[in-house]
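A.B. asks: Single-letter residue listing:
There are 2 protein chains.
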Amino acid sequence: MRFDPAALRFDDRGLIPAVAQQHDTGEVLMLAWMNAEAVARTLAEGRVVYWSRSRQAFWRKGDTSGHVQRLVEMRLDCDRDCLLLLVDQTGPACHTGRRSCFFTAVRDGAEADVG
Amino acid sequence: MRFDPAALRFDDRGLIPAVAQQHDTGEVLMLAWMNAEAVARTLAEGRVVYWSRSRQAFWRKGDTSGHVQRLVEMRLDCDRDCLLLLVDQTGPACHTGRRSCFFTAVRDGAEADVG
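Protein chains in written order, with the numbering used here: chain A, 26 to 140; chain B, 26 to 140.
To be clear, the hints were calculated from the coordinates, so they are not data collected in a lab.
Each hint should be verified, as a subset may be incorrect.
To be verified - Output of the computed footprint for chain B on chain A, the stretches with three or more beta carbons under 8 angstroms from beta carbons of chain B:
id: 1; region: 26-34
id: 2; region: 42-52
id: 3; region: 55-68
id: 4; region: 99-105
id: 5; region: 115-127
id: 6; region: 130-140
To be verified - Sample of chain A residues lacking proximity to chain B, with all beta carbon distances greater than 10 angstroms (derived):
id: 7; residue: Gly39
id: 8; residue: Arg72
id: 9; residue: Ser77
id: 10; residue: Arg80
id: 11; residue: Gln81
id: 12; residue: Ala82
id: 13; residue: Phe83
id: 14; residue: Trp84
id: 15; residue: Arg85
id: 16; residue: Gly87
id: 17; residue: Asp88
id: 18; residue: Thr89
id: 19; residue: Ser90
id: 20; residue: Gly91
id: 21; residue: Val93
id: 22; residue: Arg95
Ideal placement from N, C-alpha and C gives every residue a C-beta, glycine not left out.
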């Protein structure tokens, strides 16, 4: 079956959440959002392009920072309303300089830095 | 710093996306949604409780299917608007009977079953 980005299930803003995972280590790096055009561009370029909700603009990951995400494989879930991006991440994925955005754990009711 | 579920950044429906990952293999299993009470219940019980958007009710994963998600660790991202749940998943996570919901890949412009 041909894949049509427009046949994904987008929310009322026209967006779908995309989870980026380092393809070889399994580390979950970040979650961001895509619209249909960002999905199409990501597949066409082999580089991850998100939709920035705060800037209301395409966000070609790494254009400013150099921290590019090369797409290894795109997957969709059973409901077609979420994407999993297997990527090869150059440098940190997080704007804080951490490899992953998920560097805070909840342990014994408190926040702990595990980054 | 104490962790307060209400201090997470929820969307305009009062929900936050939660990515479930098998803690030891790194497999990304599914993405679902939580409200503040679901986050609190998950931490209190050590079992993952989502908020079902379709049923508008708490969804204590595995209560019907037996496919429980035991919480190993909860993490939050740098923006506090997404959760990563390291879990121990009993059986399949997906309602289709697949281990992971992300069993469809996009390869050469077509959908491929990789589950």
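A.B. asks: Hints the structure violates: just list their numbers, smallest first.
C.D. replies: Violated: none.
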